[in-house]
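Number of protein chains: 2
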Amino acid sequence: MSGPGPGPVRLEVIALDGIPEVHPGDDLASLVGDALERTAGALPLRPDDVIVVTQKVVSKAEGAFVDLATIEPRPEAVAYAARWDRDARQVEVVLRQAVRVVRMDHGVVIVETRHGFILANGGVDASNVGSASGGVVLLLPDDPDASARAIRDAVGRRFGSVPGVVVSDSLGRPWRFGIMDLAIGVAGFRPLEDLRGTVDADGRSMSATIRAVADEIASAAELVLGKTARRPVALVRGASPPAGVGSGISDVLMPPELDLFR
Amino acid sequence: MSGPGPGPVRLEVIALDGIPEVHPGDDLASLVGDALERTAGALPLRPDDVIVVTQKVVSKAEGAFVDLATIEPRPEAVAYAARWDRDARQVEVVLRQAVRVVRMDHGVVIVETRHGFILANGGVDASNVGSASGGVVLLLPDDPDASARAIRDAVGRRFGSVPGVVVSDSLGRPWRFGIMDLAIGVAGFRPLEDLRGTVDADGRSMSATIRAVADEIASAAELVLGKTARRPVALVRGASPPAGVGSGISDVLMPPELDLFR
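Each protein sequence line maps, in turn, to chains A and B. Oh and the first sequence: position 145 is 145 in the working numbering, straight run, nothing missing. Oh and the second sequence: position 233 is 495 in the working numbering, straight run, nothing missing.
If you are wondering where the hints come from, they were derived from the structure by calculation, not from laboratory data. Using N, Cα and C, we set each Cβ at its ideal position, and we do this for glycine too. None of the hints are false.
Label pairs and their computed distance ranges (CB to CB):
id: 1; chain 1: B; residue 1: P286; chain 2: A; residue 2: R100; range: 46 to 54 Å
id: 2; chain 1: B; residue 1: E334; chain 2: A; residue 2: G107; range: 43 to 51 Å
id: 3; chain 1: B; residue 1: A341; chain 2: A; residue 2: A79; range: 43 to 51 Å
id: 4; chain 1: A; residue 1: E76; chain 2: B; residue 2: F327; range: 48 to 56 Å
id: 5; chain 1: B; residue 1: G325; chain 2: A; residue 2: H23; range: 53 to 61 Å
id: 6; chain 1: B; residue 1: F327; chain 2: A; residue 2: P47; range: 35 to 43 Å
id: 7; chain 1: B; residue 1: P286; chain 2: A; residue 2: D259; range: 32 to 40 Å
id: 8; chain 1: A; residue 1: R103; chain 2: B; residue 2: E334; range: 36 to 44 Å
id: 9; chain 1: B; residue 1: L522; chain 2: A; residue 2: G63; range: 26 to 34 Å
id: 10; chain 1: A; residue 1: G107; chain 2: B; residue 2: E283; range: 43 to 51 Å
id: 11; chain 1: A; residue 1: P24; chain 2: B; residue 2: D289; range: 56 to 64 Å
Turn these sequences into a full structure, and let the hints guide you.
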């Protein structure tokens with residue numbers, strides 16, 4: 001019962017070097033491939049490598065910008081913005097992302113997006129979007145799983161080894177200060193590892209253990225990507241996430257009937 | 263604007279080898295030190311290394327067990343357990359951890375503990391607690407920051423280099439399936455990195471960016487620790503968390519007036 005396990009288990013997270021400023025229409029998969037070639041030790045890819053790409057560059061490449069000058073805020077957005085010292089056009093854009101408003105207080109608007117994510121400000125991003133004027137915001141990718149798949153397929157074709165891909169975003173959470181990076185898109189592996197039915201080290205069944213592997217991979221990547229550096233892509237090596245081509249981020253989303261915090 | 267940043271940024275996570283089964287009264291800091299010596303590449307420690315120790319072994323060393331045979335469940339616990347096919351004595355133990363019941367539905371009891379954590383089942387743990395009989399559960403450490411500090415101090419004395427320490431626990435979350443490891447105790451660094459007031463790559467202020475560094479470090483560690491292996495301690499190298507001796511996990515906890523999900 002007390003013996004050590006097999007040899008050391010290691011995980012390595014490498015920030016890829018030299019991703020340039022990304023613009024609408026750029027071939028992001030090619031930029032990621034170039035950065036893999038440029039980064040010492042990244043190649044050859046291993047079968048269980050995971051490439052983590054931040055939402056911001058995915059959205060930029062896909063041109064998911066909104067020019068606030070084109071936005072006519074509804075009266076509710078104007079009133080809320082005035083009360084909490086926000087930009088009414090930004091509030092309007094957030095409300096347009098919502099299939100449901102979860103909470104609207106303290107200047108925050110927490111919405112459920114059409115993807116099924118519950119996000120402060122609907123994932124709408126006004127920082128680091130490539131405009132010093134503040135007149136532009138960036139939306140989430142249309143289909144983050146598809147964005148991840150496109151990168152996975154192109155990188156796989158180029159290097160002959162097919163990595164997992166995560167599209168990550170920085171999310172707040174109830175009860176705790178601070179944002180963490182979590183997965184909003186996934187390709188090539190299952191975002192949850194289900195250990196129910198397996199037996200723990202004491203021979204008891206692990207009834208409640210479903211690990212949010214994709215989210216933990218996104219968080220590990222954030223530690224090298226940070227927020228200010230122009231480093232939007234990381235390689236996570238050694239996480240060995242569960243195989244599962246065809247899975248998607250919807251595996252992670254809790255259906256309304258199990259959601260105790262609607 | 264588009265040049266690459268400084269050289270590659272790397273993070274390494276190393277599962278320590280050879281932590282034995284931990285029992286009440288064991289000197290956990292010595293066991294961690296022995297494991298650091300046993301694990302290839304762990305020593306010498308670097309000033310910004312962080313040692314992540316899972317709650318389970320901290321609680322075991324501190325003897326935070328409850329023998330369910332000694333527990334008399336209140337009527338509310340009996341009724342709830344019967345409805346959701348749970349052990350009434352376990353429900354009773356969970357309720358005794360609560361300063362406030364946040365939600366009680368679907369067989370789950372989400373409580374605020376006296377530490378200020380909001381946790382499913384109050385952090386009470388019935389798996390992997392070293393008993394195949396199921397008659398024993400494990401509580402959270404009394405003061406996880408103090409547990410982390412004790413390990414930090416002892417490891418620092420032994421090796422002459424003082425690492426950060428995180429005590430981690432596996433937590434569920436609203437809206438998403440799956441558990442992630444987060445920090446419940448911290449020593450030697452600030453659990454939040456506050457980037458407000460810094461300027462992003464476009465010259466705009468990053469108004470909403472407070473990074474939950476300790477939580478991300480705990481999540482990264484979980485990727486090598488997993489749930490079934492007897493690997494309760496990891497070394498995270500390269501995260502460079504913000505200095506801050508004297509900080510504690512309470513920095514992370516949101517006060518009631520900002521909590522939109524009470």
